[in-house]
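Sequence lines, in order, name chains Z and R. For the first sequence, my numbering begins at 133 and goes up steadily by one. For the second sequence, my numbering begins at 206 and goes up steadily by one.
No wet-lab data here; the hints were simulated from the structure. In this text, a Cβ means the ideal position worked out from N, Cα and C, and glycines have one as well. Check the hints yourself; a few may be wrong.
As the list claims (entries may be wrong) - The calculated label-pair distances, taken between Cβ atoms and stated as ranges, are:
no., chain 1, residue 1, chain 2, residue 2, range
1, Z, Glu-221, R, Gln-303, 18 to 26 angstroms
2, R, Leu-214, Z, Ala-141, 27 to 35 angstroms
3, R, Val-208, Z, Phe-207, 35 to 43 angstroms
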Amino acid sequence: QVQLVQSGAEVKKPGASVKVSCKASGYIFTRYYIHWVRQAPGQGLEWMGIINPSGGSTTYAQKFQGRITVTRDTFTSTVYMELSSLRFEDTAVYYCARIDYTSGSYTDWGQGTLVTVSS
Amino acid sequence: DIVMTQTPLSSPVTLGQPASISCRSTQSLVHSDGNTYLSWLHQRPGQPPRLLIYKISNRFSGVPDRFSGSGAGTDFTLKISRVEAEDVGVYFCMQATQFPHHTFGQGTKLEIK
Chain Z
133 QVQLVQSGAE VKKPGASVKV SCKASGYIFT RYYIHWVRQA PGQGLEWMGI
183 INPSGGSTTY AQKFQGRITV TRDTFTSTVY MELSSLRFED TAVYYCARID
233 YTSGSYTDWG QGTLVTVSS
Chain R
206 DIVMTQTPLS SPVTLGQPAS ISCRSTQSLV HSDGNTYLSW LHQRPGQPPR
256 LLIYKISNRF SGVPDRFSGS GAGTDFTLKI SRVEAEDVGV YFCMQATQFP
306 HHTFGQGTKL EIK
């Protein structure tokens, strides 16, 4: 079955960077886009960016342009999301998610990675 | 970006009674391919969201038939015919028509009275 397994929780200081990984299994990695979505404590869901694992092309939300980099490693079927210049308001759970073409929606999610920005 | 607005933001419901959540978008969600990529997700505390309904009214695999979706264009509704204890949590509508800049509603918290 499809699985997206993310790296563990992180605590970072303001101004630092964080890199979260998302290892995919159970399907052909290069055939499905991977999205990144975050959720601040007690808040809603916010789309951050997308990568096409086949060619590596990316698109980011305007809000994160210049601070976010999403990459992939096709040999390990892993996608990485790096967010730099961290601020207190970047404290959130970060999810990777896969869209299924039949449904046009997120059918599979990682378990989430809590990133805490604290001085 | 398309803005999604849900009402109500909180919904106390009695077990066995129906519940309804509305979602409105700032522009039509009809895609050029003819599909409307409006989904409903359910999230329990400490868990990632899970897909309930896709393309307005299609139940995802394993979703009970007490859940139904309807609507068109910019106005959509999720209905639960008889609320069960496991239905508590937060419900989000989501649009994927404007690919890849997907957007979500603010969430509606369903709780038992």
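Taking the Cβ atom of Glu-221(Z) and the Cβ atom of Gln-303(R), is their distance within the range 18 to 26 angstroms? holds, 25 angstroms
I want to verify a distance hint. Is the separation of the beta carbons of Val-208(R) and Phe-207(Z) within 35 to 43 angstroms? holds, 40 angstroms
Okay, Leu-214(R) versus Ala-141(Z) on CB: inside 27 to 35 angstroms? Holds, at about 29 angstroms.
No hint from the list above goes unmet by this structure.
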